[in-house]
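First to last, the sequence lines map onto chains U and X.
Heads up: the first sequence is residues 0 to 250, going by numbering that gives the first Met the number 0.
Heads up: the second sequence is residues 0 to 352, going by numbering that gives the first Met the number 0.
Honestly, the hints are just simulated from the structure, not real lab data.
Any given hint might turn out to be false.
[Said to hold, decoys possible] Simulated DEER-style distance windows between Cβ atoms: (1) Thr-245/X - Pro-235/U: 42 to 52 Å; (2) Asp-252/X - Ala-27/U: 51 to 61 Å; (3) Ala-32/U - Arg-206/X: 16 to 26 Å; (4) Ala-32/U - Gly-189/X: 16 to 26 Å; (5) Ala-110/U - Glu-199/X: 23 to 33 Å; (6) Pro-191/X - Ala-32/U: 40 to 50 Å; (7) Ala-224/U - Thr-280/X: 44 to 54 Å; (8) Thr-280/X - Ala-110/U: 52 to 62 Å; (9) Pro-136/U - Tyr-85/X: 49 to 59 Å; (10) Arg-350/X - Gly-192/U: 45 to 55 Å; (11) Asp-252/X - Ala-191/U: 19 to 29 Å; (12) Arg-291/X - Glu-129/U: 54 to 64 Å; (13) Arg-291/X - Pro-136/U: 37 to 47 Å; (14) Ile-187/X - Ile-179/U: 20 to 30 Å.
Beta carbons are placed, not taken as given, at the ideal position from N, Cα and C, and that holds for glycine.
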Amino acid sequence: MTPLRVLIVDDEPPARARLRELLDDCRAEVPNAIVGEAGNGIEGLDLVVSSTVDVVLADIHMPGMSGIEFARHIQGLEAPPAVIFVTAHDQYAVEAFELNAVDYLLKPVRASRVASALKKAAAGPRVTREVLDRVDPLPRRFLSVNERGRLTLVPLTDVLYLKAELKYVTVQTGEREYLIEESLARLEQEFAGLFIRIHRNCLVARQRIRGFERLADDEAEASWAVLLEGCVEKLPVSRRQWAQVKALARS
Amino acid sequence: MLLAGVARPSALAEQKESSIRQNDRTNALPDFRNLGIVARILLVVNAAALAAALVRAQRAAEIDARFFEIAFWVEPALFAILAALYAARGALARLRYAAGFACALAIVAVLTGAMSAVQSLLGRTIDWAGLLHGVVLAVALAAVLLEYFRVRNRAFSPALAEARLQALQARIRPHFLFNSLNAVLAIIRGDPKRAERALEDLADLFRSLLADNRQLIAMREEISLCRQYLNLEHLRLGERLQVQWTVDPGAEDALVPPMLLQPLVENAVYHGIEPGLAAGTIEIRIGMEGDRVVVGLSNPYHAEHQHRQGNRMALANIRERLQLHFDVEAKLDAGVDGERYRIDMVMPYRRAP
Chain U
0 MTPLRVLIVD DEPPARARLR ELLDDCRAEV PNAIVGEAGN GIEGLDLVVS STVDVVLADI
60 HMPGMSGIEF ARHIQGLEAP PAVIFVTAHD QYAVEAFELN AVDYLLKPVR ASRVASALKK
120 AAAGPRVTRE VLDRVDPLPR RFLSVNERGR LTLVPLTDVL YLKAELKYVT VQTGEREYLI
180 EESLARLEQE FAGLFIRIHR NCLVARQRIR GFERLADDEA EASWAVLLEG CVEKLPVSRR
240 QWAQVKALAR S
Chain X
0 MLLAGVARPS ALAEQKESSI RQNDRTNALP DFRNLGIVAR ILLVVNAAAL AAALVRAQRA
60 AEIDARFFEI AFWVEPALFA ILAALYAARG ALARLRYAAG FACALAIVAV LTGAMSAVQS
120 LLGRTIDWAG LLHGVVLAVA LAAVLLEYFR VRNRAFSPAL AEARLQALQA RIRPHFLFNS
180 LNAVLAIIRG DPKRAERALE DLADLFRSLL ADNRQLIAMR EEISLCRQYL NLEHLRLGER
240 LQVQWTVDPG AEDALVPPML LQPLVENAVY HGIEPGLAAG TIEIRIGMEG DRVVVGLSNP
300 YHAEHQHRQG NRMALANIRE RLQLHFDVEA KLDAGVDGER YRIDMVMPYR RAP
């Protein structure tokens, strides 16, 4: 049996050291090799993309990007590794894992639990994106864009607007645009606090709204466009959304 | 046998002494240096003076004139009494309740009589009957007030007992306990000495948590508890956790409610350090401003870290305990100040024995 290639993602150095020890302890039972260690989800994603990984041991409570968000991003890869979550005390997550049959380890971690989780991960079905979306109550902090096998993270705070076109959604930042394969309705739901819908096909970042401009009103009713900070494009507001957008602009 | 025979009476004596102290806490004179107590005395006495003016006045227009007439006699005596009680607080508190009660009434009688006599002499006549009348009224009012404070104190004592429970509720997060145990497990093989120290710190921390938290403790003890806690967090978080202490040695013997700082420091780590990718600094300042103890604590603020619930609970809990111990004289403010989250506390300085 070829050893399982394991990646450890945890922000606390002693916690990583402990997992190393435990993987070492159960090596006779479940052959494994540690291919890397990361101190947060962002570094972890780099390692997953740049090396071949079968299983990731990911702590949930990490700065920058939670373990669950990390797992959500790697599901965008072609052959994502299995993820085993590690947590000290995260009641909500543990309940959600139980409900959705997601494997997890509790800190302090035991060698026997590591061995059985590795065996299961090597053989069993992997966690799906849908399940992870259900498990994680918090919106993501990044959108992940899969470009020619590379994973690019776009912080939500950089996004000016999201626009649906045919199969894709265009993500516009101050620098450039990206294409992601997600539904605009789902994005609207997940980031309700950050974005507002101005049109059937467009969500704009609330924080970036600078003002509104009246478009040529050759018809009976005037129509309006949103002006965004750092964006030359004027985005038309649909009649249906105007009342809601105007209410937000007032507040 | 002999040792046991000697030990037993002393244990009994100790028990008796503690039960007497218990009794004292419910049957005690009010703290005459407490702003809240003084304010209540002023309010009640002036309300009584106003009521007397209402009774004496024949017409509505006379009320203020009557009130000033009464106030002329009442206020000088009232302030003299408050000053005397302020000065005598320590001595009165050391007496048994009945004796303290009698002494306080004696102070009221003597000062009311003396102030009235002095004021009368300035007017060159003494109305002995009027003076006696005033003294009797003052003593009666004082007795009623002292009884009110005793009853109020009694009503609050279960709350004081509950302070212990509340301190338990402001408990250390399980998140911290399990992560710390995991960190200790990680260093047992490589650095057993450090693991030993960490477990000792953890034991001390839980001993303090489980202790009877009704009695005030010296700030010094609370600071050392926080240092032990921070040692444990340092083991886990390494260089990410930076702490800057500024402690005025004068404030170290101030009496504070137990578990006053630790929950706040724990919140600072949880909300200020753990969500940060870079290292962050927690600043803790403990100093004196006149006869008050001031405590300031700040940590980096992460707007996107939204789990504020735990923090609000800890703040409400500490605010409540400060109020139980210091009434209106203590204050706690918290809020975001630019990039940092700040907590400021003020409480009266009471020296630890």
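Now for the hints, and whether the structure bears them out:
no. : hint                              : verdict
1   : Thr-245/X - Pro-235/U: 42 to 52 Å : 57 Å, violated
2   : Asp-252/X - Ala-27/U: 51 to 61 Å  : 59 Å, holds
3   : Ala-32/U - Arg-206/X: 16 to 26 Å  : 43 Å, violated
4   : Ala-32/U - Gly-189/X: 16 to 26 Å  : 21 Å, holds
5   : Ala-110/U - Glu-199/X: 23 to 33 Å : 26 Å, holds
6   : Pro-191/X - Ala-32/U: 40 to 50 Å  : 28 Å, violated
7   : Ala-224/U - Thr-280/X: 44 to 54 Å : 46 Å, holds
8   : Thr-280/X - Ala-110/U: 52 to 62 Å : 37 Å, violated
9   : Pro-136/U - Tyr-85/X: 49 to 59 Å  : 56 Å, holds
10  : Arg-350/X - Gly-192/U: 45 to 55 Å : 50 Å, holds
11  : Asp-252/X - Ala-191/U: 19 to 29 Å : 53 Å, violated
12  : Arg-291/X - Glu-129/U: 54 to 64 Å : 58 Å, holds
13  : Arg-291/X - Pro-136/U: 37 to 47 Å : 43 Å, holds
14  : Ile-187/X - Ile-179/U: 20 to 30 Å : 46 Å, violated
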